[in-house]
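K.L.:
Here the protein sequences line up with chains A and B, keeping their order.
According to the working numbering, the residues represented by the first sequence are 1 to 325, in order.
According to the working numbering, the residues represented by the second sequence are 1 to 325, in order.
Fair warning: there could be bad hints in the mix.
When the alpha-carbon atoms are kept at most 30 Å apart in a straight line, the in silico DSS-like pairs for lysine-lysine are as follows [to be verified]:
{"no.": "1", "chain 1": "A", "residue 1": "Lys-23", "chain 2": "B", "residue 2": "Lys-106"}
{"no.": "2", "chain 1": "B", "residue 1": "Lys-183", "chain 2": "B", "residue 2": "Lys-88"}
{"no.": "3", "chain 1": "A", "residue 1": "Lys-243", "chain 2": "A", "residue 2": "Lys-180"}
{"no.": "4", "chain 1": "A", "residue 1": "Lys-312", "chain 2": "A", "residue 2": "Lys-174"}
{"no.": "5", "chain 1": "B", "residue 1": "Lys-264", "chain 2": "B", "residue 2": "Lys-190"}
{"no.": "6", "chain 1": "B", "residue 1": "Lys-312", "chain 2": "A", "residue 2": "Lys-243"}
{"no.": "7", "chain 1": "B", "residue 1": "Lys-88", "chain 2": "A", "residue 2": "Lys-110"}
{"no.": "8", "chain 1": "B", "residue 1": "Lys-131", "chain 2": "A", "residue 2": "Lys-42"}
{"no.": "9", "chain 1": "B", "residue 1": "Lys-278", "chain 2": "B", "residue 2": "Lys-53"}
{"no.": "10", "chain 1": "B", "residue 1": "Lys-190", "chain 2": "B", "residue 2": "Lys-257"}
{"no.": "11", "chain 1": "A", "residue 1": "Lys-199", "chain 2": "A", "residue 2": "Lys-324"}
{"no.": "12", "chain 1": "A", "residue 1": "Lys-51", "chain 2": "B", "residue 2": "Lys-228"}
{"no.": "13", "chain 1": "A", "residue 1": "Lys-312", "chain 2": "A", "residue 2": "Lys-252"}
{"no.": "14", "chain 1": "A", "residue 1": "Lys-110", "chain 2": "B", "residue 2": "Lys-53"}
{"no.": "15", "chain 1": "B", "residue 1": "Lys-131", "chain 2": "A", "residue 2": "Lys-110"}
{"no.": "16", "chain 1": "B", "residue 1": "Lys-106", "chain 2": "A", "residue 2": "Lys-110"}
{"no.": "17", "chain 1": "B", "residue 1": "Lys-228", "chain 2": "A", "residue 2": "Lys-23"}
{"no.": "18", "chain 1": "B", "residue 1": "Lys-106", "chain 2": "A", "residue 2": "Lys-51"}
{"no.": "19", "chain 1": "B", "residue 1": "Lys-27", "chain 2": "B", "residue 2": "Lys-257"}
{"no.": "20", "chain 1": "B", "residue 1": "Lys-312", "chain 2": "A", "residue 2": "Lys-110"}
{"no.": "21", "chain 1": "B", "residue 1": "Lys-79", "chain 2": "A", "residue 2": "Lys-110"}
{"no.": "22", "chain 1": "B", "residue 1": "Lys-131", "chain 2": "A", "residue 2": "Lys-23"}
{"no.": "23", "chain 1": "A", "residue 1": "Lys-51", "chain 2": "B", "residue 2": "Lys-131"}
Far from chain B, by Cβ distances over 12 Å, these chain A residues were calculated [stated by the list, open to error]:
{"no.": "24", "residue": "Asn-125"}
{"no.": "25", "residue": "Arg-175"}
{"no.": "26", "residue": "Ala-195"}
{"no.": "27", "residue": "Lys-251"}
{"no.": "28", "residue": "Glu-305"}
Keep in mind the hints are simulated off the structure, nothing from the lab.
Cβ atoms here follow ideal geometry from the backbone N, Cα and C, with glycine treated the same way.
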Amino acid sequence: MREITVREALRESLRYNLAHNDKVFLAGEDVSVVGGGMGVSKGLIDEFGEKRIVDTPISENAIVGLGIGAALTGLRPVVEIMYIDFVTCCADMILNQMAKIHFIFGGQVKVPMVLKTVSGTSGGNAAQHSNNFYPMFLNTPGLVVMAPSTPYDSKGMFNMAIEDDNPVIFIEHKRIYNIKGHVPEDHYTVPIGVADVKKEGQDITIVATQALVYDALSVAEDMEEEGISIEVIDPRTLNPLDKATIFESVKKTGRLIIADESCLNCGFASEVASSVAEEMFDYLDAPVVRIGSPDTSAPYSHPLELEYIPGKEEIREAIKKVKKI
Amino acid sequence: MQISDKNNIELLRTMKRIRTFDETCQKLFVAGRIPGALHCYTGEEAIATGVCKVLEPSDYILSTHRGHGHLIAKGGEFKYMLAELFGKSTGYCKGMGGSMHLASVKHGILGANGIVGGGICIAAGVGFSIKYQGTDQVVVCFFGDGGISTGFFHEGLNLASIHNAPVVFVCENNLYSISMTSKRATGLDKLSTRAVSYNMPGETVDGNDILAVYESAYNAIERARAGKGPTLLEYITYRWRGHHAGEAGDGLFYREKKELESWKTKDPIRRYQALLLKEGKITEEKIEKMEMDIQQEMDDAIEFANNSPYPKAESIIELSMLKKE
Ligand SMILES: Cc1ncc(C[n+]2csc(CCOP(=O)(O)OP(=O)(O)O)c2C)c(N)n1
Ligand SMILES: [Mg+2]
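Only chain A is shown next, with the shape it has when bound in the complex:
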């Protein structure tokens, strides 16, 4: 079976959609020859030209406005905000316009656009290029928020994002672009709001996102040797969230860890934890444990940054905690 990276999987989806739907175009800073902030669209300019691969000025408001205006008038734009850190520069365009137009117009019009961006701490990028700001999108009704981990999901979800009529925020992750995995060559979509059980288990549920999915799977494998069976669930879509799959798993295991890289305070993990506390209290055998970035800015210094990024160590600690009881 063919294996390609997350980056290649995303590019393959972009290429397919550009080739099969002339209403689709990509706009963002340096998206043509450089391939955007993370090289995802590299090479597409040669295939599709300037009309479809549109370099923009450093104008985050205008980039999102370009997407909204085009989506309102019949196109299916994909716009890139180079780093999720920069969504603050166009917060109004995303939170007040893109997310709300369908609602405030009473459903007269759809805003079928994709805003792709990248999250995650890595490589000494320091505090203004390491944010995991997506909880603000989860707190803004009207946006579909996708955050894939595997190459397979990346391609299928990007296809879905373009196909869907809702405005979609598509979160990529810096540390997983080069991870390889099996990806069919044919076109397929991964449905919105459907979690994927990445590994089945009986004793503990770990809900993990993006890079932490890999950490959770790796720790789960180690734990097998100790006789602890861990189920790893990747929600894939953060909003709407597939609570049913998470609840089913908690029913079985009675123990829940949530591992997500956004900061702990009001982060994605908090939302999952509170939903489970509200609706699955009777099934819990131990307190829920959240893993996330500490509630500080990301440090620059390399050893500190490594310390800052949540990963396997935090997952092992969390397992000890939920097993104790």
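Given chain A, put chain B with the ligands in place with the hints provided.
P.N.:
Then chain B with the ligands, alone, in the frame of chain A:
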């Protein structure tokens, strides 16, 4: 510029319709019939009327918080507008938007905006989209003198300019953004001089002279339609009412009564009506009939809005995310 007799009369009728609608809304607001914020266009009618008269039904506009005039001039109907202001399910936005989000997509009205300057980058996107799709449509973007100081203005005009997009940017300079004068906010005598920075023509025109508005808009819109790119038009005008309908004493705590009175002598409607009478293009009797018809339209709208139901509570959930068709 030659305008047909029929169009002359339509210009007068549209201005009078806008005046009647907003003066009635001002009263309805004070009477507690309209919640939220309502911004009257009284005194500024010539701008929306003259600009939209040049537009085709398939052209687009983006409007502002002071948007009723734009809607009416672009084809919006009193009864659906008023129903929206009353929060009724028969309103243009099913009661979800109100005054600051009034939109009628079938008329090409892509929304008022509660965010000052919020439409400017979207308009640039619409202009991009028109060019991308190769139609000969045009988009007009209205904003105030306050809007010209937002970052959206810079990003949106720059984007429209580099794409040579068919956008006409219309700055309605009523000399104030709430209490702040445009001179204090910008240091400029003519806001249209900012066009130079974006490599597009800019023109400052008497916004209370409907024929001057029509002619300047005609030139800019035809220029855009011919593929020659965007224009920045500044229309000088004055609002008669307070910043919003609930503001005490027509804003006379930050502006002089003398100033207001002097602008009332430059009433765009009386000015134009006097001209048409003088040139024998209309009679007193016809004007009286016109005013009676407009009053009837207003009364019918009030009855329609009164008799309409409020939206059902479920509709907010239905509208919050699109279902798959
Ligand atoms: C981004 C933003 N800041 C502030 C406001 C509050 N506000 C509403 S209207 C207004 C003044 C706008 O002035 P201008 O653009 O000149 O339009 P006018 O009201 O004069 O028609 C302000 C400050 C807002 N709605 N949006
Ligand atoms: Mg103003």
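K.L.:
Each hint: holds or not?
P.N.:
For each hint, the structure was consulted:
Taken as a hint, the Lys-23 (chain A) and Lys-106 (chain B) pair is honoured in the structure, with Cα atoms around 20 Å apart against an allowance of 30 Å. For the proposed pair Lys-183 (chain B) and Lys-88 (chain B), the alpha carbon gap of about 40 Å is over 30 Å, so the pair is violated. Among the hinted pairs, Lys-243 (chain A) with Lys-180 (chain A) is consistent with the structure: their alpha-carbon atoms are about 28 Å apart, no more than 30 Å. With a CA separation close to 17 Å, the supplied pair Lys-312 (chain A) and Lys-174 (chain A) stays within the 30 Å bound.
The hinted pair formed by Lys-264 (chain B) and Lys-190 (chain B) meets the criterion: a straight-line CA distance of about 22 Å does not exceed 30 Å. For the proposed pair Lys-312 (chain B) and Lys-243 (chain A), the alpha carbon gap of about 27 Å is at most 30 Å, so the pair holds. Distance check on the hinted pair: Lys-88 (chain B) and Lys-110 (chain A) sit about 21 Å apart at the alpha-carbon level, within 30 Å; holds. Among the hinted pairs, Lys-131 (chain B) with Lys-42 (chain A) is consistent with the structure: their alpha-carbon atoms are about 25 Å apart, no more than 30 Å.
With a C-alpha separation of about 23 Å, the suggested pair Lys-278 (chain B) and Lys-53 (chain B) falls inside the 30 Å cut-off, and the hint holds. Pair hint Lys-190 (chain B) plus Lys-257 (chain B) holds up; C-alpha atoms about 24 Å apart against a cutoff of 30 Å. With a C-alpha separation of about 23 Å, the suggested pairing of Lys-199 (chain A) with Lys-324 (chain A) holds against the 30 Å cut-off. Between Lys-51 (chain A) and Lys-228 (chain B), the direct Cα distance comes to roughly 18 Å. Compliance with the 30 Å bound is thereby established for this hinted pair.
The suggested pairing of Lys-312 (chain A) with Lys-252 (chain A) holds, with an alpha-carbon distance near 23 Å, which does not exceed 30 Å. As the CA atoms of Lys-110 (chain A) and Lys-53 (chain B) are separated by approximately 28 Å, the hinted pair is consistent with the 30 Å bound. Between Lys-131 (chain B) and Lys-110 (chain A) the alpha-carbon distance is near 20 Å, which keeps this suggested pair within the 30 Å criterion. Among the hinted pairs, Lys-106 (chain B) with Lys-110 (chain A) is consistent with the structure: their alpha-carbon atoms are about 13 Å apart, no more than 30 Å.
Of the pairs offered as hints, the one joining Lys-228 (chain B) and Lys-23 (chain A) holds, with about 24 Å between alpha carbons and a cut-off of 30 Å not exceeded. Using a Cα cut-off of 30 Å, the hinted pair Lys-106 (chain B) and Lys-51 (chain A) holds, with the two alpha carbons roughly 28 Å apart. Only pairs whose Cα atoms come within 30 Å are accepted, and Lys-27 (chain B) paired with Lys-257 (chain B) is accepted, the gap being roughly 21 Å. Distance check on the hinted pair: Lys-312 (chain B) and Lys-110 (chain A) sit about 21 Å apart at the alpha-carbon level, within 30 Å; holds.
About 24 Å separates the Cα atoms of Lys-79 (chain B) and Lys-110 (chain A), which keeps this hinted pair within 30 Å; it holds. Proposed proximity of Lys-131 (chain B) and Lys-23 (chain A) is supported: the alpha carbons are some 12 Å apart, at most 30 Å. A threshold of 30 Å between alpha carbons decides the hint, and for Lys-51 (chain A) with Lys-131 (chain B) the separation of about 10 Å falls inside it, so the pair holds. No beta-carbon of chain B comes within 12 Å of the beta-carbon of Asn-125 (chain A); the shortest separation is about 25 Å.
Every beta carbon of chain B lies more than 12 Å from that of Arg-175 (chain A), the smallest distance being close to 30 Å; the non-interface claim holds. For Ala-195 (chain A), the requirement that its beta carbon stay farther than 12 Å from each beta carbon of chain B is met, with the minimum near 17 Å. At roughly 27 Å, the least C-beta separation between Lys-251 (chain A) and chain B is larger than 12 Å, which holds for a residue marked as non-interface. Look at Glu-305 (chain A): its CB is around 32 Å from the nearest CB on chain B, clear of 12 Å, so calling it non-interface holds up.
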